[in-house]
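A.B. asks: Construct all of the structure, not just a fragment, from the sequences and the given hints.
Which chain is which? The protein sequence lines are A and B, in order. According to my numbering, the first sequence holds residues 276 to 532 in order. According to my numbering, the second sequence holds residues 6 to 270 in order.
Derived from the structure by calculation, the hints contain no laboratory data.
Mimicking DSS-like on lysine-lysine, the simulated pairs with C-alpha atoms at most 30 Å apart in a straight line are: (1) A:LYS304 x B:LYS264; (2) A:LYS465 x A:LYS394; (3) A:LYS491 x B:LYS264.
Just a few of them, taken from the derived set where beta-carbon distance is under 7 Å, the chain B residues facing chain A: (4) ARG12; (5) TRP14; (6) ALA15; (7) LEU18; (8) ARG19; (9) SER26; (10) SER102; (11) LEU265.
Sample of chain B residues with no beta-carbon within 12 Å of chain A, all distances over it, derived: (12) TRP37; (13) ILE119; (14) LEU186; (15) ALA188; (16) PRO201.
Keep in mind that this is a model prediction, so the values were computed, not measured. Cβ atoms here follow ideal geometry from the backbone N, Cα and C, with glycine treated the same way.
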Amino acid sequence: MDSSSCGTASPAIQVSKLTKDYSGTMAVKNISFTVERGTIVGLLGGNGAGKTTTLSMLLGVLVPTAGEITILGANMLTERHRVLPRMNFSSPYVGMPARLTVAENLSIYANLYGLKDIKNHVHRMAEGLALTELLKTPVGDLSAGQKTRASLAKALINDPDVLLLDEPTASLDPDTADWVRGYFEAYHKKACATILLASHNMGEVERLCHNVVMMKAGVIADQGSPGGLISRYGRDNLEDVFLDIARDASDVRETLS
Amino acid sequence: MSGTWQRIWAMVLRHSYLLRSSWPRLLELAYWPTFQLLLWGFITTFFLQHSSWIAQAAGVLISAVLLWDVLFRANLGLALTFLEEMWARNLGQLFISPLRPSELIASLMFISLIRTLISVTPAAFLALPLFDVWVFDLGLGLAAFFFNLMVMGWAIGLLVSGLLLRLGLGAESLCWLGIFLIAPITGIYYPVEVLPDWLEPVAWTLPSTYVFEGMRSVLFDQVFRWDLLAGAVCLNLLYLLLCSGVFLWMFRVARYQGKLLQQGE
Numbered sequence: 276m277d278s279s280s281c282g283t284a285s286p287a288i289q290v291s292k293l294t295k296d297y298s299g300t301m302a303v304k305n306i307s308f309t310v311e312r313g314t315i316v317g318l319l320g321g322n323g324a325g326k327t328t329t330l331s332m333l334l335g336v337l338v339p340t341a342g343e344i345t346i347l348g349a350n351m352l353t354e355r356h357r358v359l360p361r362m363n364f365s366s367p368y369v370g371m372p373a374r375l376t377v378a379e380n381l382s383i384y385a386n387l388y389g390l391k392d393i394k395n396h397v398h399r400m401a402e403g404l405a406l407t408e409l410l411k412t413p414v415g416d417l418s419a420g421q422k423t424r425a426s427l428a429k430a431l432i433n434d435p436d437v438l439l440l441d442e443p444t445a446s447l448d449p450d451t452a453d454w455v456r457g458y459f460e461a462y463h464k465k466a467c468a469t470i471l472l473a474s475h476n477m478g479e480v481e482r483l484c485h486n487v488v489m490m491k492a493g494v495i496a497d498q499g500s501p502g503g504l505i506s507r508y509g510r511d512n513l514e515d516v517f518l519d520i521a522r523d524a525s526d527v528r529e530t531l532s
Numbered sequence: 006m007s008g009t010w011q012r013i014w015a016m017v018l019r020h021s022y023l024l025r026s027s028w029p030r031l032l033e034l035a036y037w038p039t040f041q042l043l044l045w046g047f048i049t050t051f052f053l054q055h056s057s058w059i060a061q062a063a064g065v066l067i068s069a070v071l072l073w074d075v076l077f078r079a080n081l082g083l084a085l086t087f088l089e090e091m092w093a094r095n096l097g098q099l100f101i102s103p104l105r106p107s108e109l110i111a112s113l114m115f116i117s118l119i120r121t122l123i124s125v126t127p128a129a130f131l132a133l134p135l136f137d138v139w140v141f142d143l144g145l146g147l148a149a150f151f152f153n154l155m156v157m158g159w160a161i162g163l164l165v166s167g168l169l170l171r172l173g174l175g176a177e178s179l180c181w182l183g184i185f186l187i188a189p190i191t192g193i194y195y196p197v198e199v200l201p202d203w204l205e206p207v208a209w210t211l212p213s214t215y216v217f218e219g220m221r222s223v224l225f226d227q228v229f230r231w232d233l234l235a236g237a238v239c240l241n242l243l244y245l246l247l248c249s250g251v252f253l254w255m256f257r258v259a260r261y262q263g264k265l266l267q268q269g270e
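C.D. replies: Here's what the structure looks like:
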């Protein structure tokens, strides 16, 4: 992936010594990482590694116990409303009101993000995501693939500079998932957007991401470019690197020997 | 439209779409006040034939029923609208957008006003042909009573919504229970002096007590009591401020505990 034409001096996301302690249970422990503008970064880790907790803190719906988050130059703890209009989020686990139609949902979010000429905007979004025929369908009646496209339309409705994605292709068939990945690539290229992608699909991460942050038990186990990590661990693909880190490579090698 | 007004409008749109998409909801809104009107209308008819007290002010019970429903629907309109967001697991989506908690409160109040008007208007008009009671005879006083009961309903609704954020959907019955707790002591159908002596001061801590006493004053004595109106307005301002504070505090706690993305059934 080429991101050289998008990047600027200051990073889009800066996370410093971020910690979340749920009454003694440390979900995230003192993590720091940076996402450069116009890059796509993968946030990887097994279940319970702290990815969703980290994303929630980045979005401002969860307050960290300690640490700092700066997005597009704004401190997310004290001035998140300055930057929220330039961000958005999509996850198959966070739905939209099921009884409302696709058009109604999109027009609500268009208003929440302060857009003008909402009717045309919604129609343009629907056209781009092959949702025109479904605009009058309640979200609850859509298939998984259609719901993902509707959720994507919501996530891109404000043309976000920073897009956070939590397993965006989970539960999609390979064809639909490939289409969704292609859409992200095209959007990233068109808008020079910064994308942070939490995913369990290593093929997806290798295809889309410039860099990867690997989390395990609430800490950053490793980070780097997909190619760099693969060669550093002496593996053929990112899935094997993920397994090495998840199972702790040294333990695995000991067991095998 | 400025940012704040557009975001409040977005939330109003969200719930008006929901109302529009479900005729049972619309029907339910109008059903209960009409049901209450019929029930109490016939009770009034009976009393009119058998009680000289009621005969002095025909329509006092009917007016009380309609005004009680304003309070009840204002509370329910706010708390249920908030509950809809919890049922739809939509709070997380809303608060990653630029929507502010204070804007959500404003939109909940607006939706509650719409729901209350849909609720009580048919019953208010039905009272004329069925029982010869024209509640608008209360004149400007009606507007003052309506406004005060709306505000009190919003305050209770905000308190309940804050508790729902804190306790989760297991506590959803608070939407109905909270308001019914005050029904026996706020003098809806009878004057406050009917209550035991020790309960009277408690009744006077409720803005609705001032409203129902004020209503009886208009209907029995044709006097609009400004002192009662002032009492209701002052208490309402205090309670609305306190309950908004509780809601905002609970929202803050929910952000610390990660409950905004986790709420659901």
